[in-house]
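S.K.: Listed below are the residues making up each chain.
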Amino acid sequence: MKFLPLVLANLGRHKRRTILTITSVALALFLFASLQTVVTTIASASKFGSARRLVATNATGIVFTLPIAYANRLQAVKGVEGVTWANWFGGRYGDGRRFFATFAIEPKSYLDLYPEMVVPAEQKEAFIRERTGALVGKRLMEVFGWKLGQNVTLQGTIFPGDWTFTIRGVYTPTNPAIGDDAFMFHHDYMEERLNRPGIAGWYILRIERPDAAPTIAKTIDDQFRNSPYPTKTGTEQAFNASFATMWGNVSLLMGTIGMAVVFAILLVTANAMMMGARERTREVAVLKTIGFGDRTLFGMVMLEAGVIAITGAVLGLGGAKLLYKSTHFNGGGFLPGFDVAPSTLALGSAVTLVLMLASGLVPAVRAARLPVVSALRQVG
Amino acid sequence: MALVEIRDVYKSFQRDTQRIDVFSGITLDVDAGAFLALMGPSGSGKSTLLNLIAGLDRPTKGEVRVAGSVVSAMSPGELASWRARHIGFVFQQFNLLPVLTAYQNVELPLLLTRLSKREREERVKLALGVVGLDDRMSHYPRQLSGGQEQRVSIARAIVADPTVILLDEPTGQLDGKSSQEVLALLRRLNTEFKKTIVIVTHDAHAAEQATTVLHLEKGDLIRGSAVPSLRASESAGLGVAR
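Chains A and B, in that order, give the protein sequences. Quick note on numbering: my numbering labels position 233 of the first sequence as 233, and the sequence is numbered without any gaps. Quick note on numbering: my numbering labels position 164 of the second sequence as 164, and the sequence is numbered without any gaps.
Simulated from the structure, these hints should not be mistaken for laboratory data. None of the values given here were measured: they were computed from a predicted structure. Be careful, since some hints might not be right.
No more than 27 angstroms apart at the CA atoms, straight line, and that leaves these computed lysine-lysine pairs for DSS-like [to be verified]:
(1) A:K78 <-> A:K108
(2) A:K47 <-> A:K108
(3) B:K117 <-> A:K2
(4) A:K232 <-> A:K218
(5) A:K138 <-> A:K108
(6) A:K2 <-> B:K125
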């Protein structure tokens, strides 16, 4: 530790260069943490899902609907405990710049099947009771400054027109993968406004035993195989994972870009360290004359690289953690629960270590091996 | 027994395909408490001799012994710690670290010891006091005159109480007045603090401060005769052979 003031003094020699180098490292690790968090959030969302919930969609694709009449037949399948359904609505509010998910749901059964969505009892009752009532995520309420009981008008993008709802409930998710910025309203109200087309975007089923999931899914799909609306049934986790696979290449891209950025910054840092070491050839020779050993000088240069890398890491990784935590960033609703995970911080720390070693090693070895006499002669 | 013993030392450098012999069997003894000035033209080997004594360079053949230790046989690691304990080195160009204050520059050799912070502080203040710069401790080299910089450099060389102080053209960059101050300081270190000093210089005035003057001519040591104080060399126990 007694060499630390000397190391810090050396770093202060070219303050601007040191600050720029640290900033580069910080930015690189901030980007790395951000991109990695996109990957972990997508992965985490794909893992979300109760083992006791199945999702049935139109076998042709999620954008195609199923008849609302399927509800009773699904409820009748052996092993099915509860059924609910939902539709993607695609509403927007105000100038529409803040995206959020809007669903038309069957209120009572939906909240029954999703105990992860916590709603105060009186609000739940009020929402279920009122046909034009809306249930809104806690965060979305904060974003728009909405109040309970307020009338809110959304513009339909899939189902055009102005749709006015009264906010009757606010939900708080117990699992971040659910997201806390969705807007939900009565499916029946949508049906009514659309002259009863009798459609459901997808069905969610609660089953009695998770181990019966494959059998029940097969029974359902077999039942509708030859109908005009065949189904594709699977576990909720598989359903969510299918969305994640759509992000698959994006995840790879994010990871690759993250590593490329870190590698580019590694070169910048290494160059700055080597430049600094070259400028101090005379001083290293003087220190050796005084009696500083090769190991001590090696350690001092590595410590310098360490101070740069660690300061950059604290700013970059810590900054990302604090920023996303404090702003509740969720990628416009696409990345619910967006938060820098401990595994990302650990990976970032490992990257920092590699950065420190790779940028400090060459100048440190060079300092340790510097021949004193020729170095003094060269510069003297 | 002499403090510094150079025995039949050969030193040659390879420059491209050409071999340059600097010393071909030089022998020299310097007793403890001596003040030796080495003079001679450029390229005569003065600085090389200083580097050999400091263990910064190795002889091609022969033995360099300082305070009983065979410097020429030490490993790089041993040499570094040995230098920290036994050698104080002063350069012509001061070579203070510009990012450190006078205090921090002088403290550098003590960072290699086991002294506590308080002990280091006492030693640094004492050394800066000896060179008359105890009021410039927090000044950076750029805030000091050339003479003051060289005195800080001397404080750095003496702070760890080394066995030998080696100076390579210490007045080469200084004006007359600063040179006088530095030389007076060296004289005081030798007479008052009994420090063994070896100085390489072109400056006859600097050499006059020494108790012994030797001339190097093409790698050969020749007893000085032009400096009156040379007579003192006999009593200082200097031995020259070649």
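S.K.: Are the hints correct? Go through all of them and say.
M.R.: Each hint tested on the structure:
1. A:K78 <-> A:K108: Holds - the C-alpha atoms of K108 of chain A and K78 of chain A are around 22 angstroms apart, at most 27 angstroms.
2. A:K47 <-> A:K108: Answer holds: K47 of chain A to K108 of chain A is near 26 angstroms, not above 27 angstroms.
3. B:K117 <-> A:K2: holds, 9 angstroms
4. A:K232 <-> A:K218: holds, 9 angstroms
5. A:K138 <-> A:K108: Distance ~19 angstroms between K138 of chain A and K108 of chain A Cα, so the pair holds.
6. A:K2 <-> B:K125: Between K2 of chain A and K125 of chain B the Cα gap is close to 18 angstroms, so the pair holds against 27 angstroms.
In summary, the structure agrees with every hint in the numbered list given earlier.
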